[in-house]
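S.K.: If you read the protein sequences in the order shown, they are chains A and B.
According to the working numbering, the residues represented by the first sequence are -11 to 297, in order.
According to the working numbering, the residues represented by the second sequence are 69 to 457, in order.
Please keep in mind that the hints were generated in silico from the structure rather than gathered at the bench.
Bear in mind the structure is a predicted one, so any value in this text is a computation, not a measurement.
A portion of the hints provided could be inaccurate.
[Claimed, not checked] Keeping only pairs whose Cα atoms sit at most 25 Å apart, straight-line, the calculated DSS-like set for lysine-lysine is:
| hint | chain 1 | residue 1 | chain 2 | residue 2 |
| --- | --- | --- | --- | --- |
| 1 | A | Lys104 | B | Lys302 |
| 2 | B | Lys302 | A | Lys48 |
| 3 | B | Lys362 | A | Lys112 |
| 4 | A | Lys99 | B | Lys369 |
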Amino acid sequence: MGWENWIISTFSRSLAYGTPLLLGTLGEIYSERSGVLNLGVEGMMIMGAYSAFTTTYMTKNPWFGILVAGIIGGIFSLIHAFTSITLKANQTVSGLSLTMLGLGLSGVLGKGWEGKPLPSTIPKMIITPLNSLPVLGPIFFQGQNLIVYFTLILVPILWYILFRTRIGITIRAVGESPATADSQGINVARVRYVCVFIGGILAGTAGGYLSVAYRPAWTEGMTAGMGWIVIALTIFSFWNPINGMLGAFLFAALYHLSFRLQSYISPELLKAMPYAMAIIVLIFVSRGNLQKRVGAPAALSLPYMRGED
Amino acid sequence: MLTGKKITVVLSILFILSFTLASMAAEYVPGTPLKAGFIYVGPVGDLGWSHAHDEARRICEDTFPWLETVYVESVPEGNEGLYIDKLIQEEKCDVVFTTSFGFMDGTVMAAQRHPEKILAHCSGFKRTPNLMTYMADFYQIYYLNGLMAGALTKTNKTAYVGAFPIPEVKRHMDAFTIGVKETNPEAEVHVRWIYEWFSPTAAKEAAEALIAEGCDVFAFTEDSPTVVQVAAEKGYPSFGHYSPMYDFSPDYVVSGQIAHWEAIYLDFLAKVYAGVYKAHNLADLDYWWLLKEKAVEIGAKPGMLINPLFEDDLKAKKVNDPVLGEINVYDLVMKRLEQMSDPSMVFDPFNGPVYDREGKLRVPEGSRMSVYELTTMEWAAQGIVGPWE
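Between the sequences and the hints, there should be enough to build the whole structure, so can you do that?
M.R.: Structure, rendered in structure tokens:
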């Protein structure tokens, strides 16, 4: 078993498992950049997974399933947007409720759908002749699916919008100082609604990826905590899509390696590895001056009320 | 007018009365309607362990007109005591089944709290006068699956994704490995642990890791069809676990293990109803049911013992058995199944001599493992590659 085998399996599995994490993280970055902490990622993801599965089952079209997952995730996120932006409720509580609501609702609705094989799933692609490239071929052009590529393309686009366009400045301004943005004539509530909605769409899509491409099957609670990893990765990324990509794929690579390395290192230790890494990075991120440089949006999780600052 | 004193008196009378009534209704009277509660560790839709128990529960309820059942799903290990109390006190259950190894100590304590009720713990080994244990064990089926896996592997590496390194799973791995070695002495069984009973993601990545190691036939212990699906994507054969998994990949599921918990539940509940088993004579009752009691079945789905697509491959592979002579693997599986289904169980996978992977003799020639030895098994059979603790 040569080193190529290790590299190929680690990177290709990292892409496959990291993609839903990355999609969720990209969405959460946008939401948090606008100042809204959404702890409902897990709930939006599972609703996406449920709706993608049922839609695909009924229409036999997995792409339609993914589309519906995105829409449902988006609509679901509006609950959080409404309570936290319009009603100015506590964002932590509202987000947590969204997670619980999503897990519960999908569990109840999904009862009859468990254990059903899906008639059609997102196809895995083999791109000739690129797949015959050494090492890179099997990683990128053999057995991945379109959503993986779509997500990879999304990263630079979302980064560009956030840091190089007027729209991005607007979003960041709203997240840093909503009062200032408001005085400049920016509609704070509208910007936040849009960002939360984007977060919902991406989290829903991530869930859809799980149930019609990655597994593919529906089971109650199948997101199994991925939404919380997304929250950690968002902090890990310093709210930057490029770092988010690195974080998601690094986490996924470690997750895969934790199974491959079992013959050599104690499995219990390996199981903790990806999470330990997340904690270590969080420690570094939250240290004094570094925090100033890369820190969270200043108005994160603070509802904006005109005339109060 | 009611004074405070009168109210106190009335309340205390009611209080005492309710106690008397409660204790009168406490012990189950044979021949009267019976209520049984089931506590599951996973969701009933998981297609694995909990699902199989719930199927059995429904069969019992359909079979016995005098039986009413309730269940609680996804109960975390450690919280079983609360749910047992709830089932007994609020639901008025006469019999409570707890269906996970990790529920053992909580069930024992609950049995002591409710000495007048009948409890039953699945897969454990602690009993009390009102607590029996039961298990429909798969090790014979895993052995038969192993015979087929050994014949089907081309890389001489078969794979086993395991849930937790506990005796039950180790016993199944050992039995599987003994089967693999019997039809293919060159083959190995590569093992990965996921430390979850139900985790499709972990099962998927563990299976992918085994594929990267070069494994090409898959068996597993996890409560979802994930490993079957991952293997099928790559075109590798696999063996379903717990529920019929044929439908998830009809071209690649060779066979598998199917549980029939109803065999045990029907027998036990009928005997409780008849007054054979009461809340004071269960201390020595252990249902350890295998193929011959029909508590377990081998098959890709009920009635399909071996997927016809693999019949030719299995018939093409021949082995030399000291007793049976030259025999093809298909016939060998059928012969072994027949031997183990025989009431006297003329064959068992753990017939001596059996050596572990360190070369230590574990079962001497001419002897067979006892139920106690089987349920406390910790050693790895020869041919197992990978972590063991």
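S.K.: Take the hints in turn and mark each one as holding or not.
M.R.: Here is what the structure says about each hint:
A distance of roughly 21 Å separates the Cα atoms of Lys104(A) and Lys302(B); the hinted pair therefore holds under the 25 Å criterion. For the proposed pair Lys302(B) and Lys48(A), the alpha carbon gap of about 22 Å is at most 25 Å, so the pair holds. As the CA atoms of Lys362(B) and Lys112(A) are separated by approximately 41 Å, the hinted pair breaks the 25 Å bound. Taken as a hint, the Lys99(A) and Lys369(B) pair is honoured in the structure, with Cα atoms around 22 Å apart against an allowance of 25 Å.
The earlier numbered hint that this structure contradicts is number 3, and it is the only one.
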